[in-house]
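*Asks:* Each chain, letter by letter, is given below.
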Amino acid sequence: MTLKGDNYSVEFIKPSNKIVFRGVLRLQGKEHYQEIYDLLIKSIALAESVLSIDMSKLEFLNSSGISSLCLFAIYLRDVPGKRVIITGSNSISWQAKSLNNLLKFTDKIQLTLV
Amino acid sequence: MKNPIHIGDNIDTEQDIENIFKVSLLPLDIFDFWERCGQFSDFIADYFTYNFTDRPGCKNLISTVINELVENSVKYSKNKSQPIELVIRKRAHRLVITITNSVPRHQKEKFSSICRELFERDLDELYVERVQAASLDSKYSGLGLILLKKDYNAQLGFNFFENDQDLSYVTISLDIEVG
Numbered sequence: 001m002t003l004k005g006d007n008y009s010v011e012f013i014k015p016s017n018k019i020v021f022r023g024v025l026r027l028q029g030k031e032h033y034q035e036i037y038d039l040l041i042k043s044i045a046l047a048e049s050v051l052s053i054d055m056s057k058l059e060f061l062n063s064s065g066i067s068s069l070c071l072f073a074i075y076l077r078d079v080p081g082k083r084v085i086i087t088g089s090n091s092i093s094w095q096a097k098s099l100n101n102l103l104k105f106t107d108k109i110q111l112t113l114v
Numbered sequence: 001m002k003n004p005i006h007i008g009d010n011i012d013t014e015q016d017i018e019n020i021f022k023v024s025l026l027p028l029d030i031f032d033f034w035e036r037c038g039q040f041s042d043f044i045a046d047y048f049t050y051n052f053t054d055r056p057g058c059k060n061l062i063s064t065v066i067n068e069l070v071e072n073s074v075k076y077s078k079n080k081s082q083p084i085e086l087v088i089r090k091r092a093h094r095l096v097i098t099i100t101n102s103v104p105r106h107q108k109e110k111f112s113s114i115c116r117e118l119f120e121r122d123l124d125e126l127y128v129e130r131v132q133a134a135s136l137d138s139k140y141s142g143l144g145l146i147l148l149k150k151d152y153n154a155q156l157g158f159n160f161f162e163n164d165q166d167l168s169y170v171t172i173s174l175d176i177e178v179g
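If you read the protein sequences in the order shown, they are chains X and Y.
All letters in the first sequence, in the order written, are residues 1 to 114 by this note's numbering.
All letters in the second sequence, in the order written, are residues 1 to 179 by this note's numbering.
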């Protein structure tokens with residue numbers, strides 16, 4: 001299951017319970033992230049106990065996109081028996097500075113910055 | 001300039017400025033071709049990267065900051081055919097950025113109260129509150145500005161004013177360490 005835009009892709013790899021974000025995501029507003037949000041919801045439903053999300057290849061995500069990830073974190077609160085591990089990069093400023101906002105919404109997310 | 005209202009930090013845009021970049025953008029040109037916003041932000045980041053060669057990662061940071069400010073101005077300009085004025089000044093290891101756009105008169109009070117909250121509230125609490133509110137109502141939330149202040153430790157100032165034709169504007173001033 002893969003979503004592709006001109007500058008990005010979001011791929012759910014079911015056998016490894018993993019989502020990989022790549023490229024640049026600067027969509028126009030929260031409603032434009034609906035498709036990606038829906039992919040996250042489907043993926044957590046299909047994943048076994050842990051869903052891994054690799055952000056380390058996502059060069060940019062604007063504040064609308066970060067908000068959509070936060071809404072996914074809020075959704076996670078009510079999903080029993082599932083956890084999410086997010087991997088990001090310390091060398092990409094938005095990841096180093098803003099990814100930890102997700103942790104304010106749920107304790108079901110573990111964040112690793114490398 | 002009539003009925004000025006200042007909110008937030010006082011940003012010095014004069015002292016020890018080493019170079020200046022000014023540009024006018026039509027909000028409509030970006031609104032209709034949204035990718036221009038990111039492309040423009042990347043161009044500005046490339047332009048200033050030469051001044052910060054000892055600061056790895058500065059290109060990503062500059063592009064992110066410019067992109068958030070321009071997105072904000074484009075979305076909330078009253079008149080999408082009236083130019084946004086963007087000025088970027090370099091001072092030592094910092095950039096001082098001002099961006100001016102028109103504001104719908106009837107929303108000026110709402111905008112200014114949202115701006116005031118950035119200086120009166122705990123920003124982590126405010127962020128959580130605004131994300132939850134934005135899930136119900138996607139109108140102006142100022143989430144990008146909260147992130148710039150909270151996560152990037154930027155100084156932020158807002159100047160609301162009216163011109164001689166009684167049109168309302170806001171200038172957002174931001175002072176940020178790069179690198």
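A portion of the hints provided could be inaccurate.
[As the list claims (entries may be wrong)] Not everything, but these chain Y residues come out facing chain X in the computed CB check (under 8 Å):
1) 60
2) 68
3) 131
4) 134
[Stated by the list, open to error] Among chain X residues calculated to face chain Y with C-beta under 7 Å, some are:
5) 26
6) 75
7) 79
8) 94
[What the hints assert, rightly or not] Distance condition first, Cα-Cα at most 25 Å in a straight line; then the derived DSS-like pairs of lysine-lysine:
9) X/108 x Y/150
10) X/104 x X/18
11) X/108 x X/18
12) Y/59 x Y/2
13) X/30 x Y/108
14) Y/90 x X/97
15) Y/75 x Y/22
16) X/104 x Y/150
17) X/42 x X/14
18) Y/2 x X/30
19) Y/59 x Y/90
20) X/57 x Y/59
21) Y/90 x Y/2
22) X/30 x Y/110
23) Y/75 x X/97
24) Y/80 x X/30
25) Y/78 x X/30
26) X/14 x X/108
27) X/97 x Y/80
28) Y/90 x X/30
29) Y/75 x Y/110
30) Y/108 x X/97
If you're looking for bench data, these hints aren't it; they were derived computationally from the structure.
As the structure is a computational prediction, the values presented were derived from the model and not from experiment.
We treat Cβ as the ideally placed atom computed from N, Cα and C, and that holds for glycine.
*Asks:* Kindly indicate which numbered hints from before are broken by the structure, ordering the numbers from low to high.
*Replies:* 6, 7, 12, 18, 21, 27, 28 and 30
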